[in-house]
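*Asks:* Listed below, chain by chain, are the residues.
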Amino acid sequence: MSNYRILGVYNNEDKLLSSIHKIQESGITIHDVITPYPIHEVIEALKLKTRLPVVAFISAIFALFGTGGFLYWTSVVNYPLVFGGKPQNTLSFIIVIFVMLINVTAVVTILSFFIRDRKGPGAVPYLDYKGISDDRYVIVVDGKINTNEQVVSDLLKREGAVEVAQIGVPETKANH
Amino acid sequence: MYDKTIRGVLIKGDKTYGQITSEILAPQERKAPMWWFAFMTLFTIGLAFGVYSMYVTVTQGIGTWGLNNSLGWGWDIINFVWWIGIGHAGTAFSIFLLILRQRWRTSINRAAEAMTVVAVLCAGLYPMIHMGRIWNAFFIMPYPNSRGPLWVNFNSPLFWDVVAISTYLMASATFWYIGMIPDLASVRDRATSKIKKAIYGFLSFGWMGSARSWLRFETTALILGGLTAPLVIAVHSIVSMDFATSVMAGWHTTVFPPYFVVGAIFSGFAMVLTLMIIIRKVFKFQDFVTDGHIDAIGRILTFVSLIMGTAYSTEIFMAWYSGAEGEIYTFFHNRIAGDHTKAFWTMVSCNAIIPQLFWFKKIRKNLTMVFIISIIINIGMWFERYVIIVTSLTKDYLPSNWATYRPTIIEIGIYAGTLSIFGLGVLLFIRYIPMMAMSELKMILKPTSKK
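Here the protein sequences line up with chains Z and C, keeping their order.
Numbers in my numbering are just positions in the first sequence, counted from 1, shifted up by 17.
Numbers in my numbering are just positions in the second sequence, counted from 1, shifted up by 3.
Among the clues, some could well be false.
Unchecked claim - Computed list of chain Z residues with no C-beta within reach of chain C, every gap over 10 Å:
(1) Tyr21
(2) Ile78
(3) Phe79
(4) Lys136
As the list claims (entries may be wrong) - Within a straight-line C-alpha distance of at most 27 Å, the following computed DSSO-like cross-link-like pairs (lysine-lysine) qualify:
(5) Z/Lys147 to C/Lys200
(6) Z/Lys147 to C/Lys199
(7) C/Lys15 to Z/Lys32
(8) C/Lys449 to Z/Lys66
(9) Z/Lys32 to C/Lys18
(10) C/Lys449 to Z/Lys32
Simulated from the structure, these hints should not be mistaken for laboratory data.
In this text, all values refer to a predicted model and were calculated from it rather than measured experimentally.
Note that CB positions come from ideal geometry on N, CA and C, so glycine has one too.
Given only the sequences and the hints, what does the whole structure look like? Please build it.
*Replies:* Now the structure itself:
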């Protein structure tokens, strides 16, 4: 049987939050929570973490030494020019290094965000539910892990979901 | 914590989340009004004039401008610096307020960032055509070439400009676009026509709003913000070094970098104010752009105007205190008095004196007055660049070099062209892109606006 997901649709932020806690207490794993705007309590409840700052830091270090090395190589090693005895390896390189650090870090961070989050021109969301980008909140529970479908739907309804629905997930598409 | 009783309600009318979406997207979902087409036509004519002028410049050369041996920089660099200054607002506004966690930025940041992107595009045009042989523009990039390889001068502010402005354009455009993705998804989800759904589906990069995406989204925005904030300061400092590292009287001062950065923020905030008042009036967005928002920008402008006044006085004081004849001549006999008196005093009154009216609450509450002052500031900031460039260059150290400067119709045409590009950009923005960051408005709704 192909996998499916159970959706609990809410129209109230507070009910959504209390519902997330109740679902987690009863041992059901939440696959995803979809909200029209960032809610930090949801992110905390799902214990989500991101390593994007690490990526940014590493790329910044790379850019720092990359640009510094390039400037040193061009101005001191490859084609040294003498301007009235001024030093070839100058402090003013800092400016280009600084700007390039920002440039490279920004590009790498943005690309990592898109790649990690599978976003890009032509990407299609797995759920197209009316109002999820407007004023509806959706708790998505994976059907395969939580086999007792009835318990999940009942719980969602009891916690104030305005609608409980199911969607199928094609086997080939990995989660999200 | 945000205190409504002190700072006022940010989104008026006790709105629901659904109302925010439908009210902000309403102008896009209606048919385009007549005035929109009228202005599109007007700006397209302006653009045609600009394109013609640029064509003449590129095919016949810089000789078609009013420049001469003494005055190598004219309207092109004046307008370049002016546009760059305006282009600083969006990012300054959006990012500084993001880092300072100022929640009132949310209804204005989108428009400010859009303005930034278009203004920086306009600015970038000037150095390109100023080079004369635009087909050789790639010479400014450090690439392995057959001339040695002779690398570009990494110690020249002109090269720093190339790096900084292109980085700035890239960073501000992506920052703007990433912030827009969730809202484009809202447009996609509400679209009724298939074509619209497909286009916005493509543009919204498959956004759905899952908690993981939001976490990554916010982290990326904060990292980009943290990176771009110092970049804002770097870009305009570098632009000021184009002047300050020369030996021209009136340019060769250490106050230039902060003076230019503050000036840029000043003109940018004024332009944001101009635009937001128009958008508020035309689309009846007074619930989102409240009097409180206008008041806050007015207060910032008062403060920045004081810094401008200080910068002007510092320059004059240092010219006198240095005892250098060239400096004294430039400031006292060529700016305060002399041939360029009018431009100098326009600059001082528009930037340092008139904005002081914002001290009065009555003026800050009067939308018409605020609008007029915001335009006056932009005119004043244009004259600031005019004063800096033209007064210093027309009368340099050698009196036999002295020359006058008048812009030709071609230079005026290019300026009209960039103004039209800006106008077209703004018109397309208000027609096809959600004018306010809806997801961010929804985020601040509960803590700042609910009873």
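*Asks:* Next, verify each hint and record whether it holds.
*Replies:* Each hint, compared with the structure:
1. Every CB of chain C is more than 10 Å from the CB of tyrosine 21 of chain Z (nearest about 17 Å), matching its label as outside the interface.
2. For isoleucine 78 of chain Z, the condition that its CB be more than 10 Å from all CB atoms of chain C holds, with the nearest at approximately 14 Å.
3. The Cβ of phenylalanine 79 of chain Z lies farther than 10 Å from every Cβ of chain C, with a closest approach of about 14 Å, so its non-interface assignment holds.
4. Here lysine 136 of chain Z does not stay apart from chain C, with its beta-carbon only about 4 Å from theirs, under the 10 Å limit.
5. Restraint check for lysine 147 of chain Z and lysine 200 of chain C: the C-alpha separation of about 13 Å stays at or below 27 Å, so the hint holds.
6. The suggested pairing of lysine 147 of chain Z with lysine 199 of chain C holds, with an alpha-carbon distance near 16 Å, which does not exceed 27 Å.
7. Taking the CA atoms of lysine 15 of chain C and lysine 32 of chain Z, the gap is near 25 Å; set against the 27 Å cutoff, the hint holds.
8. Distance check on the hinted pair: lysine 449 of chain C and lysine 66 of chain Z sit about 25 Å apart at the alpha-carbon level, within 27 Å; holds.
9. About 19 Å separates the Cα atoms of lysine 32 of chain Z and lysine 18 of chain C, which keeps this hinted pair within 27 Å; it holds.
10. The straight-line distance between the Cα atoms of lysine 449 of chain C and lysine 32 of chain Z is roughly 15 Å, inside the 27 Å bound, and the hint therefore holds.
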